[in-house]
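Use the sequences and the hints to build the structure in full.
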Amino acid sequence: MLILRVVRQEPLHGYAIAQKIRALSSDQLSVEEGSLYPALQKLLANGWVKAEWTTSDTGRQVRSYRITAKGLKQLETEQDDYQRMADAIAAILESA
Amino acid sequence: MRTWFRRVWHLLNRPRNERELLGEMNEHRAAMHDPTTFGDPHRLLEQSRDAWGWNWLDDALQDLSVGIRSLRRSPSFAVVAVLILTFGIGLNLTFYQFVRAALLSPPAVKSVESLARFVDMHPHGSRSTVPYAVAEFVKANNTVLSAVLVEEQAAVAWGQDAAEQITGTFVSLNWFDELGYAPLHGRMLSEAIDTSGDIPAIVLGYTFWKNRLGGDPHIVGTTAFVDRSPVVIAGVARAEFPGMDLQVPDVFIPLTQREYFYPASPALRAWSGSDGVDMYGRFRDGLSAAAVREGLRATMQAISQAHPEVERDHWLEPLLATRRFMRDDERSAVLIVMSLIGSLAGLVLVVAAANLGNLVMSRAIGRVRELGVSMALGARRSRIVRQLVIEAVPLVSLGVGGSLAFAAIVATLIATQSSFPPFLDVGPDWRTTLVALGLGSIALIVAGLVPAWRVAQPHLIDTIKNGGQQMSQSLDRAPLRRVMVAAQVAGSCVLLVVAGMMVRSVQRVVSGSIGFDYERAAVLQVPLARHGVTPDAARQYWDDVKARALAHPAVEQATIVTAPPLGGRVFQTGYDDTPGLRTMTQSVDAEYFETMQIQLVAGRAFRAGEADVVIVSRRLASEMYGTLDVIGRGFPKSRASAIIVGIAADAHAIKVNATDVAELYVPLQREDFAEVFLVARARTDADALLPILREAASLDPRVIPAARAMREDFASEMRGPRLAGAVTAAVGLITLALACLGIFGTVSFSVALRTKEIGVRLALGAGQPALLRALMRTVLTPVGVGIVLGVGMAAAIGAALRAEPFFLEHVDPIAFAGGVLVLCLAGALAALLPASAMLRKNPIDALRHS
Chain A
238 MLILRVVRQE PLHGYAIAQK IRALSSDQLS VEEGSLYPAL QKLLANGWVK
288 AEWTTSDTGR QVRSYRITAK GLKQLETEQD DYQRMADAIA AILESA
Chain B
9 MRTWFRRVWH LLNRPRNERE LLGEMNEHRA AMHDPTTFGD PHRLLEQSRD
59 AWGWNWLDDA LQDLSVGIRS LRRSPSFAVV AVLILTFGIG LNLTFYQFVR
109 AALLSPPAVK SVESLARFVD MHPHGSRSTV PYAVAEFVKA NNTVLSAVLV
159 EEQAAVAWGQ DAAEQITGTF VSLNWFDELG YAPLHGRMLS EAIDTSGDIP
209 AIVLGYTFWK NRLGGDPHIV GTTAFVDRSP VVIAGVARAE FPGMDLQVPD
259 VFIPLTQREY FYPASPALRA WSGSDGVDMY GRFRDGLSAA AVREGLRATM
309 QAISQAHPEV ERDHWLEPLL ATRRFMRDDE RSAVLIVMSL IGSLAGLVLV
359 VAAANLGNLV MSRAIGRVRE LGVSMALGAR RSRIVRQLVI EAVPLVSLGV
409 GGSLAFAAIV ATLIATQSSF PPFLDVGPDW RTTLVALGLG SIALIVAGLV
459 PAWRVAQPHL IDTIKNGGQQ MSQSLDRAPL RRVMVAAQVA GSCVLLVVAG
509 MMVRSVQRVV SGSIGFDYER AAVLQVPLAR HGVTPDAARQ YWDDVKARAL
559 AHPAVEQATI VTAPPLGGRV FQTGYDDTPG LRTMTQSVDA EYFETMQIQL
609 VAGRAFRAGE ADVVIVSRRL ASEMYGTLDV IGRGFPKSRA SAIIVGIAAD
659 AHAIKVNATD VAELYVPLQR EDFAEVFLVA RARTDADALL PILREAASLD
709 PRVIPAARAM REDFASEMRG PRLAGAVTAA VGLITLALAC LGIFGTVSFS
759 VALRTKEIGV RLALGAGQPA LLRALMRTVL TPVGVGIVLG VGMAAAIGAA
809 LRAEPFFLEH VDPIAFAGGV LVLCLAGALA ALLPASAMLR KNPIDALRHS
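Keeping their order, the protein sequence lines are chains A and B. Take any residue in the first sequence, count from 1 to its spot, add 237: that is its number in the numbering used here. Take any residue in the second sequence, count from 1 to its spot, add 8: that is its number in the numbering used here.
Keep in mind that the hints were calculated from the coordinates and are not lab data. Treat each hint with caution, since some may be false.
Stated by the list, open to error - A partial selection of chain A residues facing chain B, derived with a Cβ cut-off under 8 angstroms:
no., residue
1, Gly251
2, Glu269
3, Glu270
4, Gly271
5, Tyr274
6, Pro275
7, Gly296
8, Arg300
9, Ser301
Claimed, not checked - Examples of chain A residues lying across from chain B (beta carbon under 8 angstroms, computed):
no., residue
10, Tyr252
11, Gln278
12, Lys279
C-beta: ideal position from N, C-alpha, C; glycine also.
Given below as structure tokens:
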């Protein structure tokens with residue numbers, strides 16, 4: 238969900254995605270960065286993102302990942318699910 | 009669906025994709041301040057593969073390559089296993105190909121679904137032929153058939169001197185057009201050209217043209233002679249041109265020109281009688297068989313009104329080409345026999361698969377430690393099973409390939425040896441391949457899945473602790489292994505006993521217990537009816553021929569009969585007084601019994617001019633009356649219409665190997681003489697009779713007599729049963745070898761696993777006989793159970809094959825005892841060999857082994 242959320246605004250390459258997640262989460266989500274790639278492959282396999290080779294700002298050939306219409310739909314579903322779950326947990330915590 | 013395409017596309021481009029992913033990850037690492045927090049790229053690559061869902065394929069390929077490697081490491085096992093499968097599946101495929109070619113596939117003709125044969129039915133029975141005049145009338149006066157085709161098969165003489173008898177068929181001129189065949193050379197018969205003409209045109213059958221006439225295409229246009237009359241060879245039919253039954257005619261002659269050959273024959277003009285044609289018709293579009301039957305009723309009624317000799321209650325029953333022109337009851341009888349033979353072939357596959365399963369299991373038991381380690385490292389039971397099954401795939405694939413080759417070679421060999429018609433293609437096709445794959449899958453289940461499931465037990469991990477010895481021994485004693493040995497023994501027991509019964513049934517006939525002497529007899533056939541001879545003239549002719557033959561010193565005796573032994577056609581009757589017994593009725597003259605050397609047990613032979621008397625066979629007398637004291641009694645018992653004057657010894661002259669028939673003899677009557685045969689008995693050699701009989705028959709210059717020694721008929725009558733007996737015996741022996749291999753393998757493996765124990769027991773002074781008994785016990789029970797099961801099944805199959813075409817004696821003690829004895833001896837030898845070899849070893853050597 239996080240990756241889909243990050244690439245929703247603009248196509249990004251792997252390193253940039255990792256950087257952005259790190260920045261957006263204020264360094265709270267600093268997991269093993271390499272695990273991003275199996276996750277990206279899963280998104281590719283499901284058709285939620287598309288990859289294409291582009292030239293980065295530094296002039297290097299990089300693979301950028303762009304969200305697809307199917308990916309957007311998936312992101313919405315996951316966000317809704319997450320929201321429902323978070324609300325439910327919050328409700329339990331508040332009542333306790 | 010799109011997801012699948014993406015995944016397949018990824019699989020096809022996997023090396024490039026993975027290269028790019030690895031590059032991408034390396035770039036990422038290079039950009040990081042601390043690349044060590046990135047993770048191991050190779051592990052991540054592995055996880056990425058998981059995301060695309062192709063890991064199972066990698067595992068399968070890996071297991072497959074392990075399977076191939078292990079086969080290459082043990083080539084002797086591989087060869088034996090592949091041969092077992094090749095034989096087990098191949099035999100079933102060969103059988104399937106013959107059944108498909110001869111019974112399941114409809115004849116290969118144009119629009120086969122609308123073609124049917126018509127038989128002449130009436131409430132009390134049926135006749136397979138239809139008078140030609142009726143067929144012609146139906147052709148011109150019906151609304152349900154778009155075409156009518158007719159055929160009349162007849163033996164004709166070939167060559168100017170008429171020395172050679174060949175099979176001819178008189179066909180309607182639309183025969184080739186309607187069946188949809190162009191010529192190989194020249195032209196086919198056609199209504200436009202062949203309706204009239206001084207000299208008829210004929211078409212040669214492919215086999216006759218190829219084998220007898222040397223396959224020369226320039227023969228087209230030349231003149232030949234059929235029944236001494238000149239004809240022009242117009243063309244040659246293709247090899248694949250089908251006969252409507254399994255016979256392939258040598259020549260096709262226009263039926264409309266039949267009178268050119270036989271000017272006095274009434275056959276084309278008669279509205280009733282025994283001279284008929286095989287009638288076929290093509291349904292008009294969309295009509296069902298029932299609609300056609302009803303549609304032709306009106307036509308048949310119109311015929312019976314105009315021609316009172318055609319009875320009113322006759323109708324034409326359509327038998328569909330798609331069902332091989334068989335009635336439902338005939339078809340199911342044939343299918344029952346075929347399924348029984350098929351189940352015998354299936355048994356061979358069971359034996360082969362069980363054998364292989366045992367071999368595979370032995371190998372897997374030897375690997376329990378390795379498999380235990382895999383399980384300890386996290387492999388689940390299903391993973392281990394999958395691994396073992398996939399490892400068996402190369403073996404089964406080779407077996408399937410081998411079986412297709414086996415079926416192709418053996419089927420061609422049998423087809424060539426048994427002169428199978430060339431239009432029946434017994435070669436493998438896509439259906440055979442499908443059947444092979446199906447049988448291969450069954451073999452994979454028995455030889456791969458079942459042993460794998462048995463070996464891959466949850467407590468396989470324990471094998472690591474004790475080196476696998478205990479687990480191997482417990483698996484070795486597993487019931488599954490015994491079941492497999494029992495299955496092999498049972499299968500081979502059935503095949504051996506049934507083969508024994510078949511061989512004995514042939515032997516019974518060959519060894520001379522058929523009750524008559526054919527060795528010195530010869531048959532003279534003269535187709536008088538073709539020449540429109542009156543019954544009185546025919547009788548005079550035959551009396552003269554018989555007198556001329558008897559005048560020759562080489563002829564000992566001669567008789568006139570309506571159906572000569574070994575190949576004659578007779579009426580079969582099932583009397584209410586003798587249920588289950590078919591009575592064959594022959595019309596014979598007074599000398600029949602003496603000529604055929606059939607003893608008269610009581611009473612006398614017929615006298616000249618007698619009527620309303622019969623002679624019964626001993627079996628008919630005892631089954632109908634319960635006594636042999638029947639002279640002077642009425643026949644048949646419940647509705648007497650004749651007096652019994654004699655009892656003849658049993659002689660199955662018409663169906664030599666049948667076990668459910670009895671004979672009834674009636675005196676020849678005046679009207680029989682148009683279609684009778686003369687059988688003569690030589691003083692020395694039957695071959696010497698042939699020119700004498702032909703010479704005697706040449707009284708009438710129009711006729712072309714044919715004479716043959718009766719032992720030729722006997723040989724051709726016995727060809728089928730002999731072949732069936734030989735094939736079953738060969739299959740039975742190979743299956744026996746398989747079962748022995750199974751027993752040998754089981755005992756050897758069990759001995760190998762218990763080498764240490766045996767060594768200790770030997771060192772402690774245990775007696776060899778006691779040890780031998782202990783080792784043999786592994787296979788004793790399954791062999792015993794297998795034999796009991798096998799004997800039971802063989803008895804059931806023997807009973808089911810009691811009738812046509814095998815006529816087995818279902819309780820044949822010699823076949824049963826012989827089969828069981830051979831199996832016991834071979835099985836005991838197979839078990840004793842490895843066990844006694846072990847016991848001959850030095851106990852210290854045996855201990856060292858472990």
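Evaluation of the provided hints:
1. Gly251: holds (5 angstroms)
2. Glu269: holds (4 angstroms)
3. Glu270: holds (5 angstroms)
4. Gly271: holds (3 angstroms)
5. Tyr274: Since the shortest Cβ distance to chain B is 5 angstroms, the answer is holds.
6. Pro275: Holds: closest Cβ of chain B sits about 4 angstroms from Pro275/A, inside 8 angstroms.
7. Gly296: This interface hint is violated because 13 angstroms lies over the 8 angstroms limit.
8. Arg300: At about 5 angstroms, which falls below the 8 angstroms cut-off, the nearest Cβ of chain B leaves the hint on Arg300/A intact, so it holds.
9. Ser301: Interface hint status for Ser301/A: violated (11 angstroms vs cutoff 8 angstroms).
10. Tyr252: This hint holds: Tyr252/A lies near chain B, its Cβ roughly 5 angstroms from the closest one there, short of 8 angstroms.
11. Gln278: holds (4 angstroms)
12. Lys279: Where the cut-off is 8 angstroms and the nearest Cβ of chain B is about 4 angstroms from Lys279/A, the hint holds.
The structure shown violates the earlier hints numbered 7, 9.
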